[in-house]
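Engineer: What follows is the residue order along each chain.
Number of protein chains: 2
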Amino acid sequence: MKRRDAMRLAIGAVAVGGAGYFTIAEKLKPNYTANNTPQKLTYKPTPDDWKYHTLDPKKSAEIAYQEYSNGSCMYATFKAIITQLAEQYGQPYASYPIHMMKYGHGGIAGFGSTCGTVNGAAALFGLFINDKKLRDKLVTELFRWYEQTPFPIHQPKQPKLEANMPTSVAQSVLCHASLTNWTKASGEKAHDKVRKERCRRLSADVAYKATEMLNALFKGEFVATHTDSQVVGSCMACHGSEGKLDNTSGKMNCSSCHSESLAHKAFAGPHYKIME
Amino acid sequence: MKRRDAMRLAIGAVAVGGAGYFTIAEKLKPNYTANNTPQKLTYKPTPDDWKYHTLDPKKSAEIAYQEYSNGSCMYATFKAIITQLAEQYGQPYASYPIHMMKYGHGGIAGFGSTCGTVNGAAALFGLFINDKKLRDKLVTELFRWYEQTPFPIHQPKQPKLEANMPTSVAQSVLCHASLTNWTKASGEKAHDKVRKERCRRLSADVAYKATEMLNALFKGEFVATHTDSQVVGSCMACHGSEGKLDNTSGKMNCSSCHSESLAHKAFAGPHYKIME
Numbered sequence: 038m039k040r041r042d043a044m045r046l047a048i049g050a051v052a053v054g055g056a057g058y059f060t061i062a063e064k065l066k067p068n069y070t071a072n073n074t075p076q077k078l079t080y081k082p083t084p085d086d087w088k089y090h091t092l093d094p095k096k097s098a099e100i101a102y103q104e105y106s107n108g109s110c111m112y113a114t115f116k117a118i119i120t121q122l123a124e125q126y127g128q129p130y131a132s133y134p135i136h137m138m139k140y141g142h143g144g145i146a147g148f149g150s151t152c153g154t155v156n157g158a159a160a161l162f163g164l165f166i167n168d169k170k171l172r173d174k175l176v177t178e179l180f181r182w183y184e185q186t187p188f189p190i191h192q193p194k195q196p197k198l199e200a201n202m203p204t205s206v207a208q209s210v211l212c213h214a215s216l217t218n219w220t221k222a223s224g225e226k227a228h229d230k231v232r233k234e235r236c237r238r239l240s241a242d243v244a245y246k247a248t249e250m251l252n253a254l255f256k257g258e259f260v261a262t263h264t265d266s267q268v269v270g271s272c273m274a275c276h277g278s279e280g281k282l283d284n285t286s287g288k289m290n291c292s293s294c295h296s297e298s299l300a301h302k303a304f305a306g307p308h309y310k311i312m313e
Numbered sequence: 038m039k040r041r042d043a044m045r046l047a048i049g050a051v052a053v054g055g056a057g058y059f060t061i062a063e064k065l066k067p068n069y070t071a072n073n074t075p076q077k078l079t080y081k082p083t084p085d086d087w088k089y090h091t092l093d094p095k096k097s098a099e100i101a102y103q104e105y106s107n108g109s110c111m112y113a114t115f116k117a118i119i120t121q122l123a124e125q126y127g128q129p130y131a132s133y134p135i136h137m138m139k140y141g142h143g144g145i146a147g148f149g150s151t152c153g154t155v156n157g158a159a160a161l162f163g164l165f166i167n168d169k170k171l172r173d174k175l176v177t178e179l180f181r182w183y184e185q186t187p188f189p190i191h192q193p194k195q196p197k198l199e200a201n202m203p204t205s206v207a208q209s210v211l212c213h214a215s216l217t218n219w220t221k222a223s224g225e226k227a228h229d230k231v232r233k234e235r236c237r238r239l240s241a242d243v244a245y246k247a248t249e250m251l252n253a254l255f256k257g258e259f260v261a262t263h264t265d266s267q268v269v270g271s272c273m274a275c276h277g278s279e280g281k282l283d284n285t286s287g288k289m290n291c292s293s294c295h296s297e298s299l300a301h302k303a304f305a306g307p308h309y310k311i312m313e
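So the protein lines, in turn, are chains A and B.
Every position in the first sequence, counted from 1, becomes a number in the working numbering once 37 is added.
Every position in the second sequence, counted from 1, becomes a number in the working numbering once 37 is added.
Keep in mind that a hint or two might mislead.
Since the list gives no way to pick out one identical chain from another, each pair is judged satisfied if it fits inside one copy or across any two copies.
DMTMM-like, lysine to aspartate or glutamate: derived pairs with alpha carbons at most 20 Å apart [as the list claims (entries may be wrong)]:
#	residue 1	residue 2
1	LYS221	ASP265
2	LYS194	GLU258
3	LYS88	ASP283
4	LYS221	ASP85
5	LYS226	ASP265
6	LYS77	ASP168
7	LYS226	GLU279
8	LYS169	ASP86
9	LYS230	GLU199
10	LYS230	ASP86
11	LYS233	GLU279
12	LYS256	ASP86
13	LYS233	ASP283
14	LYS77	GLU258
15	LYS230	ASP283
16	LYS96	ASP85
17	LYS81	ASP168
18	LYS96	ASP229
19	LYS96	ASP283
20	LYS230	ASP85
21	LYS233	ASP265
22	LYS226	ASP283
23	LYS230	GLU279
24	LYS281	GLU225
25	LYS256	ASP283
These aren't lab readings, by the way, just hints derived from the structure by calculation.
All values reported here derive from a predicted model rather than from experimental measurement.
With the sequences and hints as input, model every part of the structure.
Structural biologist: And the structure:
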């Protein structure tokens, strides 16, 4: 942190809550990842749940890759798993109105919010896991993995587009941010064929990962390995439920949009008005 | 725009694509809202769709308000409409596994991404409208309305929490941003009872709006009234499909996160490196 920014933060801290800079500095070092110690998670389905059966992640990836052109990312990811269950076990999977999942393309109707691949996978977790705490753990693991992993990984057997596919780390579960980071890393345009091929392969990656996670969970072997981002802990020490400000909630990687010093300038909150 | 920022933009424009400042300035005035001229939209359902029947928006709002405590925002919004259809028309609505929608609470498993109310309403549009262009128009209208409207509106018959409920304009469809703007406007904490009551009433508002929109569409009377944000047009003139950069895609209100000058500093893209 630059000296000027540190001064600003200190002044802001005093002004906002009467807390000194050192109080906040102490808060910036909480043992935030303590609850992320790897542990095996198990789940006994409730009567409400739709039963999950072990599937082949490779097959999920290939179906998602194929189905992408029929309804984009969320549809492809969701369908990859439901279709296999419908083929192998019939109802109720066969009656699921999968077409509805087309709404999630491009971060929901092209709006650029949550990436459809992870929205679709989270919806699948919702279908098979009617336990808030456990479902949240699986979604968190998937979302952190998405934020931190270089994509795309999938190598299609028969590529729709032959491409020396560049990879990037999305750093965000938001469609438009994920996409922009990929254009930066690849030098490709957002509306080119290669970008579509990237999202097609990314759908395969998320379908693979979701299948792998569900397989592990229902075998009693699931372990969350992606810990909370350190920056989330730092920000939430002040802005989260335990913080002096308590003015937001979330687990998204804050730094993909907010930089430590600029965030306080960019948002016209009390910090900004006091610090400028 | 401050003079210094204008200079920076001009320098960046020349450096990035060889375009002068005036080229970009011209691009900032495109007729971006031309395709938003109010017009009645109609839709003839396809065999894939689940049929929609006219419902009472007030009843949707009241159900969403009641159901919030059973599964949070996305669940409440989605259930408000499906439950009424199930009660009045039986199958297939009665078999829909509504419990799955619990995944969307707090911007998907508490992650703070897309607000569950609009994720749920968009999912409903997906269920009833299997036409990409039209579905996207409805989602866009709903999302713009959400970005621009002071919430919450709903006045429950029997409030779960008696509160002189402050309102705020979310400016964003993201849960954590919507929530933070409300804490700024209200002075309330993000993890207090009043905030939960705000989200409960917001679920009712979105269920009401979604019902109203679906009613209108299937009567051939739907008119989109919320135009694209001007700032989106400005940003996309360079960053969108027609722009020199073409490095992102989306319709979210850019300025709720990015300020015109700071955005180019906050993101370590070519602008930033060239302009600093």
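Engineer: Could you run down the list of hints and mark each one as holding or not?
Structural biologist: Results for each hint:
no. : hint             : result
1   : LYS221 to ASP265 : neither (25 Å within a copy, 26 Å between copies)
2   : LYS194 to GLU258 : neither (29 Å within a copy, 47 Å between copies)
3   : LYS88 to ASP283  : neither (39 Å within a copy, 43 Å between copies)
4   : LYS221 to ASP85  : neither (44 Å within a copy, 39 Å between copies)
5   : LYS226 to ASP265 : neither (31 Å within a copy, 23 Å between copies)
6   : LYS77 to ASP168  : within (16 Å within a copy, 43 Å between copies)
7   : LYS226 to GLU279 : between (42 Å within a copy, 11 Å between copies)
8   : LYS169 to ASP86  : within (12 Å within a copy, 30 Å between copies)
9   : LYS230 to GLU199 : within (10 Å within a copy, 54 Å between copies)
10  : LYS230 to ASP86  : neither (39 Å within a copy, 30 Å between copies)
11  : LYS233 to GLU279 : between (42 Å within a copy, 17 Å between copies)
12  : LYS256 to ASP86  : within (16 Å within a copy, 36 Å between copies)
13  : LYS233 to ASP283 : between (39 Å within a copy, 14 Å between copies)
14  : LYS77 to GLU258  : within (6 Å within a copy, 54 Å between copies)
15  : LYS230 to ASP283 : between (44 Å within a copy, 13 Å between copies)
16  : LYS96 to ASP85   : neither (27 Å within a copy, 25 Å between copies)
17  : LYS81 to ASP168  : within (9 Å within a copy, 38 Å between copies)
18  : LYS96 to ASP229  : neither (27 Å within a copy, 45 Å between copies)
19  : LYS96 to ASP283  : neither (44 Å within a copy, 34 Å between copies)
20  : LYS230 to ASP85  : neither (42 Å within a copy, 29 Å between copies)
21  : LYS233 to ASP265 : neither (30 Å within a copy, 24 Å between copies)
22  : LYS226 to ASP283 : between (39 Å within a copy, 5 Å between copies)
23  : LYS230 to GLU279 : between (46 Å within a copy, 15 Å between copies)
24  : LYS281 to GLU225 : between (43 Å within a copy, 12 Å between copies)
25  : LYS256 to ASP283 : neither (38 Å within a copy, 45 Å between copies)
Checked against the numbered hints above, the structure violates hints 1, 2, 3, 4, 5, 10, 16, 18, 19, 20, 21, 25; every other hint is satisfied.
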